[in-house]
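Trainee: Start from the sequences and build out the full structure, keeping to the hints where you can.
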Amino acid sequence: MLGNRPSPVSWAGTKRYSTNLPIQPEDFPALDAIIISHDHYDHLDYSSIRRLKNKTKRFIVPLGVRRRLIQLGVPSEQITEHNWWDELSFKGLTFACTPARHFSGRGLLDRNSTLWCSWVIAGQETKVFFSGDSGYGPHFKEIGSKYGPFDLTLMECGQYDERWSNIHMMPEETVQAHLDVKGGLLIPIHWAAFTLAYHAWNEPVERITKAAHALNVNIATPKIGEKVVLHSETYPSQPWWRSN
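Just so you know, the sequence shown maps onto residues 1 to 244 in the UniProt record's numbering.
Hint data in this document are derived by calculation from the structure and do not stem from the laboratory. Predicted, not measured: the structure shown is a model, and the values here were computed from it. Treat the hints loosely; a few may be bogus.
Here are the computed lysine-lysine pairs in the DSS-like style, where the Cα-Cα straight-line distance is at most 27 Å [unchecked claim]:
no.: 1; residue 1: 227; residue 2: 53
no.: 2; residue 1: 182; residue 2: 223
no.: 3; residue 1: 91; residue 2: 210
no.: 4; residue 1: 55; residue 2: 15
no.: 5; residue 1: 182; residue 2: 210
Mentor: Here it is in structure tokens:
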């Protein structure tokens with residue numbers, strides 16, 4: 001999602017905190033693949049797909065999302081759809097479509113008409129887990145048992161509310177989910193782009209860093225565009241958000 005608003009229209013809805021992206025879609029190198037977790041506007045942005053579709057020839061998506069991409073001019077043969085627990089071998093990697101506790105839809109009449117998921121990306125030496133959007137649940141331990149341990153987890157942390165616990169985790173639950181999947185380094189995502197909940201914009205990262213430190217979990221909190229090198233002695237952890 002590289003657009004300015006996670007909204008069906010460009011002139012309304014919450015706006016990205018910073019529109020100064022470190023790289024524009026047109027400047028991306030050729031991409032082996034693009035993976036999508038679900039069809040909500042903050043995860044499947046039509047303007048971003050239009051700007052990126054010529055950078056890749058493979059989209060890896062959950063069930064039902066193919067038709068969304070076809071509407072944007074992505075050729076059907078470049079899209080592979082997957083159900084939970086499906087696996088795909090591609091470019092020497094294994095992509096596994098794994099469960100999440102969330103929902104889908106882009107309008108009033110299409111709720112849950114497509115699937116939502118998390119993703120495992122496994123190479124010969126390194127494994128990554130991307131949580132997508134999800135409430136906390138036993139599926140994390142199941143994923144960890146089947147595919148863990150992971151060198152890196154990219155975990156949802158932000159846009160939560162106690163009333164939405166079935167579809168979004170609280171920061172402390174995010175740390176527990178990281179442990180459940182047997183994660184190594186944790187990078188919290190989904191917290192520093194848009195306001196989609198009632199909490200302060202920097203509350204998620206404050207809470208998750210506190211919870212991670214209490215449980216001796218390695219956590220990286222890079223600035224947008226900052227590099228993270230796996231298996232380093234140290235990771236980006238400066239509280240840059242406190243000066244904004």
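Trainee: All the hints need checking, so say for each whether the structure fits it.
Mentor: Verification of the supplied hints:
no.	hint	in the structure
1	227 - 53	holds, 25 Å
2	182 - 223	holds, 25 Å
3	91 - 210	violated, 38 Å
4	55 - 15	holds, 26 Å
5	182 - 210	holds, 19 Å
The structure is inconsistent with hint 3 alone, although it conforms to all the rest.
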